[in-house]
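Enquirer: With chain Y held as given, fit chain H onto it using these hints.
Protein sequences, first through last, are from chains Y and H.
Positions 342 to 744 (our numbering) are the ones given, in order, by the first sequence.
Positions 342 to 744 (our numbering) are the ones given, in order, by the second sequence.
Bear in mind the hints are in silico, worked out from the structure with no lab data behind them.
Only a predicted model underlies this, so the values are computations on that prediction, with no experimental measurement involved.
Fair warning: there could be bad hints in the mix.
A pair counts as met if it fits within one copy or between any two copies, since identical chains are not told apart.
Restricting the straight-line Cα-Cα distance to at most 25 Å, the calculated cross-link-like pairs of lysine-lysine (DSS-like) are [unchecked claim]: (1) Lys577 / Lys426; (2) Lys607 / Lys740; (3) Lys661 / Lys568.
Protein chains: 2
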Amino acid sequence: MINRNPNIANIKAGYLFPEIAKRRREFAAANPDAKIISLGIGNTTEPILPHTNAGLLGGASALADVKTYSGYADDSAGFTKLREKIAAAFYKDLVEPDEVFVSDGAKCDIGRLQLLFGAEVKVAVQDPSYPVYVDGSVLAGAAGGWEGSGYAGITYLPCTAENNFFPNLDLIPQNSLIYFCSPNNPTGATADRAQLTALVNAAISKGCIIIFDAAYSEFIRDPALPKSIYEIENAKICAIEVNSFSKPAGFTGVRLGWSIVPKALKYASGESVNTDWNRVNNTIFNGASNIAQAGGLAAIDEKGLEEMRALTDFYLGNAKLIRSTLQEMGINCIGGDNSPYIWAHFPGRDSWEVFSEILEKCQVVTTPGAGFGPAGQSFVRFSAFGHRENVEEACRRLKSNFI
Amino acid sequence: MINRNPNIANIKAGYLFPEIAKRRREFAAANPDAKIISLGIGNTTEPILPHTNAGLLGGASALADVKTYSGYADDSAGFTKLREKIAAAFYKDLVEPDEVFVSDGAKCDIGRLQLLFGAEVKVAVQDPSYPVYVDGSVLAGAAGGWEGSGYAGITYLPCTAENNFFPNLDLIPQNSLIYFCSPNNPTGATADRAQLTALVNAAISKGCIIIFDAAYSEFIRDPALPKSIYEIENAKICAIEVNSFSKPAGFTGVRLGWSIVPKALKYASGESVNTDWNRVNNTIFNGASNIAQAGGLAAIDEKGLEEMRALTDFYLGNAKLIRSTLQEMGINCIGGDNSPYIWAHFPGRDSWEVFSEILEKCQVVTTPGAGFGPAGQSFVRFSAFGHRENVEEACRRLKSNFI
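Bound-form chain Y, shown alone (with noise of 0.2 Å):
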């Protein structure tokens, strides 16, 4: 008989969403009469506006023409003018289209990044963070035993209310892959220029490899914000970058996003990461729907860009409703001004306690803070992804029923 691989063994309790899906419809099995309001997973909900649409009927409408029908890309990598354009949109000078690797999005090029730092690799992550970076570290072999509250090969790196949810970047140890979020999920907080250029400078000096998490940057409002990791001098020789046209087109069923790896960044052998990277992506991986790269390149031409704009002004506006509400109830909270998020502190309380009480006494579903790290313990993440009638009445239920 044939074992188990023990990386699998090794990953604790269920994926965090679908765990949440479970609680929401026991939740609803139970009180059939409620109304129930998810501001849980985040989640997109308002329908992709009408030029990027356009883009990918375009795409499944050339599929029925002999003319215009493309089956597999002799290579994995997406569309030669979506890498161009997708260089050109969002990082200007910063980065050359062979640097830019099409993909099914951000977490599964999370899950497929790993496999280039093997089982070996040291990784650090913030706390709280985004559950796949962990859960990816435990599967490839680089975590370590579980040890209470976290893995033992894990540094997490702790992101509090009296750090300002930055964190103390001495803590990252020498060699390790740092994975890194901003605007965060879950915490919403954005990094800015000094903060990051610390961190660019620490993974220099340290010898490390960042692996930074831009999915939100379409949310940075704030002109003074970097929107990716290449705004800061010598990025490219220790960081790769993941994104993706989830949130900001509302792509989160179409698939897709965009990793960079530089061509500058290189193991301690000397050897170049983006190689490795096109030879893991043609190996393992197919490349991205072409209907969806036809999406993202009507996506991010100037109309395009316009609808972005347009469709993260309209979360940001839930999320600065949520926000204030939280407020007007005196509860600490971050984020929601340049990202989709809302961080709410109630100290001293278990966030799966808080996550069951709103749901039972507003019927409003959240993530509790817990799912995220030891240190999203006592905060609640409210996503402001969701109808702006849903998110109104969930602010009322909040305001009028949960004390």
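Expert: Same frame as chain Y, but now just chain H:
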């Protein structure tokens, strides 16, 4: 500094198809007037037929309307309706919907499946075989060192003219993961019921798990040949199946496939492989595109299945032309009857040399057999994916220019 994953350094040469594309580009640059015809990579060329395409268009249109918009699913395994329809259309009563996992394609599934078994599992592959089985095992650290013509940790099961392209099952090691593809890529050989029964019995008696790649099953025309491993008794306790919409529906660029992981399949520990597969997918994958899934629903209703039949008939017509041309030329070959590949034998010759000779004399791109494993030496694979007029022209050139 961070080290390169040693498993990546362990992959030999570039991935086969980019290498062929590179040689083709070099030939084209040196011979700018040559009208090159590709019978190399198995890439679809014919448009998606109207009913199936309407499904894709409907999927894209739905995203523009708030009433039908969808984002992520709660679970990465795909639309419930699509899982049900796949179970009904291709497996009758053999498989349950919750044993079906919708994906972005067979290649990607194969990359993720290896994660279930980790670096310690022994691997056996048909030789020749689709490169991803071996390369995926190398990436997972399960292949051992390179030993000149193969990896120390992989058992190669030669499929040659002498054994009628079905391997000697006695060579399969105890407790190994067996990659088995039928109709086979590249040989085109399709295993019959007796052969698959012997394979299943061997797997059970040796404690093995089969990963059965059925990506070409819709090309089977002989009603006596099984299209799924689950048509064989007891396969559900020893086999995973992967399959794809790529070839039968023209979805190579759309990205839609599925895997079957039976609930009866267990590790040595008795734990469920199905449960782990769901966990792995939810951790590092986010589901197939909802547009592709809408197309998949159309592709397997009554009209869609008729279109699948028409499309596979067309490519089988190409295959017949290629096969009869080679036979008229006195070249021994198999495949092309229940599969879109023809495997042509050039005894005593190097397959890259034959590849080059055909490219130079006929301006026809093929795939050298050695790219699929040591036993592929002296063979060349012809793919039947192409426009009819190109296949006819390629056949004319082969007959007149290749002596």
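Enquirer: Run every hint past the structure and note whether it holds.
Expert: Structure-based check of each hint:
no.: 1; hint: Lys577 / Lys426; verdict: within (19 Å within a copy, 47 Å between copies)
no.: 2; hint: Lys607 / Lys740; verdict: neither (53 Å within a copy, 50 Å between copies)
no.: 3; hint: Lys661 / Lys568; verdict: within (20 Å within a copy, 56 Å between copies)
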